[in-house]
Every structure is written in C-alpha cells, then in structure tokens.
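J.: With the hints as extra help, turn the sequences into a complete structure.
Here the protein sequences come in this chain order: A and B. Plus 3 on top of the position in the first sequence (first one is 1) and you've got my numbering. Plus 4 on top of the position in the second sequence (first one is 1) and you've got my numbering.
Hints were generated in silico from the structure; no laboratory data involved. Please note that a few of the clues may not be correct.
Claimed, not checked - A few chain B residues that face chain A, going by a derived Cβ cut-off under 10 Å, partial list only:
(1) Asp121
(2) Ala271
(3) Asp272
(4) Asp273
(5) Leu301
(6) Ser407
(7) Pro416
(8) Ala427
(9) Asp432
Given the structure is predicted, the values throughout are model-derived calculations rather than measurements. Think of the CB as a built atom: it goes at the ideal place given N, C-alpha and C, for glycine as much as any other residue.
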Amino acid sequence: MANRSTRTRVQELKRFGIFALVPLFIFTFVLVVPFFRGVFLTFTDWDGFETTSIVGFDNYFLAFQDEAFWASMGITLAYVFASLILVNLVGFGLALLVTIPLKGVNVLRTFFFVPNLIGGVILGLIWQFIFGQALPTMAEQFDLPFFQENWLVTTDTAFWALVLVTVWQMSGYMMIIYVTGLMSIEKDVLEAALVDGATGLRTLVSIKLPLMAQAFTISLFLTIRNAFMAYDVNIALNNGGPYRSTELISLHVFRDAFGFGNFATGQSKAVIMFLIIAIAALTQVIVSKRFEVQR
Amino acid sequence: MAVLRRSSSALVGIVASALVLSGCAAGSESTTTETSSGAQAVGCETPTTVTMLGTIKVEIQDQFKDAVAEYNSSNSDCVEVKIIESAADQTFLANITPLYEAGEAPVISYTLQELPDMAPRVMDWTGNPLAELAAAGTLDTATIDGKILGIPSTVEAFGLLYNKDVLDEAGVDPASIKTRDDLKAAFDAVAATGRDAIHFSGLWWSLGAHFTNIYHTTAADNRDDRMAILDELKAGTYDLSSDPAFVNWLDTFDLLKEYSSSDASIADDDYDKGVFNLADGEVGFWFMGNWAEPNLLGELPEGSFGVMPVPTSNDPAAYGNDGISVGVPGYFMIDEEQSTAEEREGAVAFLSWFLTTPEGQARWAGPVESGGMNFIPVYSGFTVAPETFMAGVISEYVNAGKSLQWVNSAYPAGLQENYGAAAQKYYDGNSNRAAFAAELEAAWVK
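T.: Pasting the structure below:
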C-alpha cells in the first residue's frame, strides 16, 4: 500500500517535470533572477555600466522627493481608474451584443477583437492621423465643437485621448473573456428563470452576473495590470506630451533611467511601482473572489 | 478509421512544427541584430571585426551602409566593419548599456549629449593624426578634463532657414537684416505678399535644444563666460529674468510666435509641415537647421534655401546678432574597456579611410544623389565639399568667423527635454515670462 502511493508521487513529479520544468526554468531566469538583481541594484550607485558602492536607501529617498514621479503617479492612477471602468463597461456591453442569438453575429467578435492586435508604431500613426488631421477636418466641415483642435496637444484632452485609445484596444480582449463567462452559464438555470417570468434585466443582474463573477475577476485584474503598465500607447500617441504632462509611470521610469541616465533611481521607482501594482492587484483579486459563486 | 487517425495526427504534427519553426525564425528579427555589411576585406585571412553602433544619422543611413560595404570589399587594412542596428525610437543609453552588460560593447559609437557618461570607457584621441586634422574648435565639446573623447563628424548649422524665391518676391535681402526690428520689417514684407511670414515649429527638440541655444550663445561673447553661466544655473544661483540677453531672447520668441503660420504646433509631425510650408513657398522663413535641406530639396529640387541669423538684439553690433549657430552634431568614440588593440587600430583605419582617401571623402562629403552623405567637411585635406546653396551660405559665415557656439552640446542628458517642455508651455500661451524663466532654472537643479 505504501509502495504504491510513493510510486504514484514519483510518477506525478515526473509528469510535472516533463511539462512544467522548461517553463519554470525560463520563468526563473527571465523574470525572477533579473527582478532580484534589479532590487539589489537599487541599493547601489549603478550608472548603467557598473556599480561601485552600496548606498542604502538613498535612491528611494531621491525617488520620493521627485515631483515628476508623483505627478506621473497621479495621472497614472486617474488613467487606471478611467480605463478600469470604461474598458469593462464597453467589453461587457460588446459581450452581451455578440451573444445575442442572431445569425452572423459571430463575425462581429473578430471585428471587435482586431484592435487588440494593432500596437506600437502603427497604432501611433493611425491615431495621430485621426486626432491631428481627420477629426479636425471633419469638425471644420460639419462645425462640431469637440474635435476642432488636435486632442493630443492639450493635457486634458490628451488624457482622454489616451483613455479612448486604450478602450478601443482593450475592450475586444475583455469581450472575449466575458463571452466565455456568459457561455459557461448553464442553460437550465436560464430556462428556469424564464419560466419564473424574470425580465431580461433581472436575469442579467441576479443570475448571469453572479454566475460569471470569475470572468469579472480575471477581466478586472487584467485591466488594472494593463493600465498600470501601459507604455506602448503612451509613447506611440504623443510621447507623454504635451510637456510630459501625460507621462504614465512606465514611461517616466524608462525616461529617468535611459533618458536622464539616473539608472539606480529609475530602478527604485520601478520597484516602488511593482509594490503598488502588486498590492492593488492582490486586493482586487481577493475582493472579487468573495463574489464568486461556488457551483 | 485507424489509418485516417494516424494521417490526421501526422498532419497536425507537421502543422504544429511548422508554426513553431516559423515562430523561431521570426523571433530572431530583433531590433539589435548585427548586419554584415559587405564581402571579405581584400587579401586577408581573418579580418579584424570592428563593430559600430548605429549609422550616424537616420537621414543618410543607406549611404553610410553602402560606404561601409565599399570599405569592406576594398580595404587593405584587414578590417571588416559590422554595423549593429540601433533602435531609432530608443535613447543612446538604452541602446548601448545592454551591449556593455553583455560584453559586446561596440568598438565605435557615435553620440553628443552622452559624451560625459562615456568618458571613463573610451579611448583618448590626443596625438592621433586624425584628431590633428580636425578643424579648430571642433574638438572643444569632446574634450573633458584634457581627454579628447571623440572626433567630429561634420558641422551643422541652424537659424532662420529661408526660401530665396519667396524673399526675392517680397523684396527682402537677408544680408540687410541686422536687428530684431529689421527682422520684424522683413516679416511684414513677406506677409504683404499674402503669405505667413514664418513657420515657427513647436517641436520639443527644436525649441528645447536649438532655440534655447540662441539665448545661451548670445549671453556672453566668449566661451568661458558662457559656460560659467551654465555652472551658475547648475548651482541654482543664476537669475535669468535679470539677464538682458534673456529678455531680448523672449522678445524674439514673442515676435516669431506672432508671425508664425497657424499650421505650426507642438505636435510631433510638425517637422513635415515645416518642410512643406517652406518648400512650397507658403512661408518665407522656418527656424530649423541645415539637416532639413535634403527634405526641402526633395520637395522642390530647383529651389534655393539659405540660412540666416536670428537677431535677438536691436543693437546691430551686439554679439551674436549676425552669426548662425554652428556646431558638431556628434562625435565618433572608440571603446577602450572591452576592445582589443587590433580592433581599436581597425576602427581608426576605417575612419581614416573616410577622412583621408579620395573614395572615402567622396562618400563623406559628396552629394546624396551619388551615394554621398553630404557632410560639410571639418578636416583639412578634403578635396570634396557639398555644393548646395545652403552649404555655400554656411561656409561664408564660418569663413567670416560668424559662427556661434552650440552651447546646447554641453546640456546634460535630459536637460533639452525639460527645456523643450517649458518652452512648449510658453509657446502655447500656458505660461508667462516669470514662470517660464523659473521652469528653465528648475530644469538644471533636478
């Protein structure tokens, strides 16, 4: 009896090894080791090329005293809040739309997802053209109030332009997650609700939402993470302008290190950023898990 | 049934491995790949490989790569030069620090603002024949603590570019503009022909590096005093608002802004708008540098575009009123930390080919149409020189001793970005003179 269970344990480990060892190895050496090395570097006077002495918490003090760091944090938090709400609203709305039992509605799923595949330079070129040339020209023709000026050159409108492009890019992805959640609801529960005379809205709020809470956990987590780490969209759209006022935290850290040459301080800002995101994400997951219904 | 299953699983296997392999192949196309630039060097068993980061400037990268290929296939120094592509959207430090970390530091690197950062790890050019050939003054910025860190590529100039045809039509002669009031009159004359007088770009680098230089380079009439002002700014003890040169500069800023075309903005694509506006004759002037000349000539091949000073003072004899900012845009440095003596010799041989042989000089200073890079030569012994209208104008100013220092070459890394941000705020009218001066001073103390 004892022999059989140890052999199964060894077999379990073997199976685990075959599938998980290579990814685990890569994970350790590409993520874990550089991360700890980075944390170590924040306690030194690293200048990008070499370290010569340990300086304790000096870099962290410098990071906390930097006004631009807090300004960037502020705008990043506003951006995270705005995109969290809007991306998930739009994503969920689209998910409801594409699960209507109509013919040909599945094609819409591809269309809504495509923006997620466009990134980097192309994204920047497309939206710079839209905000800089297309919209102002249309606004002049039809006398619309909002788009007369290039949204990217004033701070407030540039912020909303960032949010707009993020919603455009991310909702397709969240839509897919919500669709999976919606599809996983058992048909008999919905039928029972229909028989009991529940309206569409009641079904949505009291039955569908609780049963797909897990999809919400995942989507909210991904939105928070993507928003905090946003970099591509920031650089592609307007480089953190105008006058560095819409510089999100990732771009700020990158500039501090590779633009100004403050490598050690930049890295400590990155560590601070990591702590903030980790706390935010963990809190969100713990709270969301409470809402999940056990089947 | 079993046969079908076997063949379909084989098919799945083939498709899966094809996808994996294509993924691997696509993955090797990173932004810092090495590209071999030519055949083996002539008559040599194992040539020394000399790596270079980047291609000097993006505008002439094809011409540079062709020149490297020509060198590789014809040189008798037993050297093969390999270009390490640098990601254009990354800063110099972002490109080079990973290479040093990996032990693959490029033998030759080219930059300007990061010279102080590279100082401890590059070769000293003092006593080298190439450094002796360089024109007077061109090595100043690259000399830190008595060590010559690099040799110059060329000189570039910036100021008020003008479209000669537009100015002829408006009856304006650039040589007669000696004061700020003369400039205003010239703007009025151009405006009277139904055009906007000037395209004043709000690009952060144009304002932050070049336009702020107009102040710094006229703030004192000798180099030591100008650099002393920078030291005082670093110490936080300099009051810009009480400097009459600064006030004059602000007045000029306001003047240019007043007459600027409504097309000009702080958006990143403003450079192209400027090219089109000046080349198409929609404006008479554009504050920019001679690097725009290939773009302008590309738009209007038969056009003549010149450059003239930015007179900030109303006293015609004031220092700098009649000079254009001329400076070296970058220096070639040779790594000493991770390279061998052969690699360093090979690097010097490569640069010598460019600067002292007829073929190399043709590539260096020859016209863009015949594969040259159109660099204004700054080494003695050059038999080739650019023949465009603007190059001639620049040579006249340089020969007459009317070239102003690029004080912006001495800006520490990151300063021009902050200068540019502050200037853009003033440009957009979101800041007043006092706040603008305060932000410029604050940029030094960060």
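J.: Run through the hints listed earlier and report the numbers of any the structure violates, in increasing order.
T.: 5, 6
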